[in-house]
Amino acid sequence: MQLCLCSNFEDVRQGLHRITEILKSWDIGGDDLLRAEILLAEVLNNVVEHACADLPPSEIDVSLELRGTDLHISVNDRGRAMPEGKLPVAQPGLRGSDCAQFREGGYGWALIRDIASDLHYSRVSGRNTLSMTLQCTEIVMPG
Amino acid sequence: MHLTAEPHPDATVITVGETRIDAAGAIAFKDRMRDLVGDTPPRIILDLAGVDFIDSSGLGAIVAVMKLMGSDRKLELAALSPIVQKVFRLTRMDSVFSIHETADTALGRPRLVS
Numbered sequence: 076m077q078l079c080l081c082s083n084f085e086d087v088r089q090g091l092h093r094i095t096e097i098l099k100s101w102d103i104g105g106d107d108l109l110r111a112e113i114l115l116a117e118v119l120n121n122v123v124e125h126a127c128a129d130l131p132p133s134e135i136d137v138s139l140e141l142r143g144t145d146l147h148i149s150v151n152d153r154g155r156a157m158p159e160g161k162l163p164v165a166q167p168g169l170r171g172s173d174c175a176q177f178r179e180g181g182y183g184w185a186l187i188r189d190i191a192s193d194l195h196y197s198r199v200s201g202r203n204t205l206s207m208t209l210q211c212t213e214i215v216m217p218g
Numbered sequence: 029m030h031l032t033a034e035p036h037p038d039a040t041v042i043t044v045g046e047t048r049i050d051a052a053g054a055i056a057f058k059d060r061m062r063d064l065v066g067d068t069p070p071r072i073i074l075d076l077a078g079v080d081f082i083d084s085s086g087l088g089a090i091v092a093v094m095k096l097m098g099s100d101r102k103l104e105l106a107a108l109s110p111i112v113q114k115v116f117r118l119t120r121m122d123s124v125f126s127i128h129e130t131a132d133t134a135l136g137r138p139r140l141v142s
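First to last, the protein sequences are chains A and B.
Taking our numbering, the leading residue of the first sequence gets 76, the next gets one more, and so forth.
Taking our numbering, the leading residue of the second sequence gets 29, the next gets one more, and so forth.
Hints in this document: simulated from the structure, not taken from any laboratory.
Incorrect hints may have been included.
[To be verified] Residues on chain B that point at chain A, a partial pick, calculated with CB under 7 Å:
no., residue
1, Ser84
2, Gly88
3, Ile111
No residue lacks a Cβ here, since even glycine has one placed at the ideal position from N, Cα and C.
Bound conformation, chain A alone (with noise of 0.2 Å):
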């Protein structure tokens, strides 16, 4: 399954519902699809509040495929590559310590490392695409 979305927080909103809307047709619920939700919120967000930031409009393309129980998640946008081309840590200390409770942001790649699994990050041509793969517990397979 294939989405295309605009590169402004409203489009990926809307992009956010229709995407629900799929993984509840495929069966996924419960926890998984909160876990789904999630996900996407923040890595769709990632693309524009970072990547696309006060660049054009651009597309990011949005593929989803559910093999077994794998939900198998690719983004790819048309924005600025990672910076030093790679996937962000989880900042150090966001768990835990007093002073990192308080933080205003970061949660989002805490968010993104504590959900998927197998995330792969490659710039090609200009184009970004992070891939991940969610495990959904609560999928029941035939036989």
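Using the hints, position chain B against chain A.
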């Protein structure tokens, strides 16, 4: 961003009249909250019963409001939807805020049983 404040004897309840606190609305939420919490009593209960989605920007905005209220006032949360609860739990922010089942229980009122 639609927010309404209702004063009670020992707390002010601020009700969020939006279904999402997300990247598109986080700044408006923070600005409106800043106006509302200006000179309120020490305890504020943020009623999230109508909010069915929050992302890291919305979470950051709530943390920012808590910080601007200072250490002598307290921001508490009520009526978290499953997804809001999940975001707070995954980021461990559920251990930072007092979280109530509903705004009524936060005010010490008995739950209505239908």
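Do the hints match the structure? See the list:
Residue-level restraint check for B/Ser84 holds (minimum Cβ-Cβ distance to chain A is 4 Å; threshold 7 Å). Look at B/Gly88: its Cβ gets to within about 4 Å of chain A, closer than 7 Å, so that hint holds up. Against a cut-off of 7 Å between C-beta atoms, the interface hint on B/Ile111 holds, since the closest Cβ of chain A lies about 5 Å away.
In this structure, every one of the numbered hints holds.
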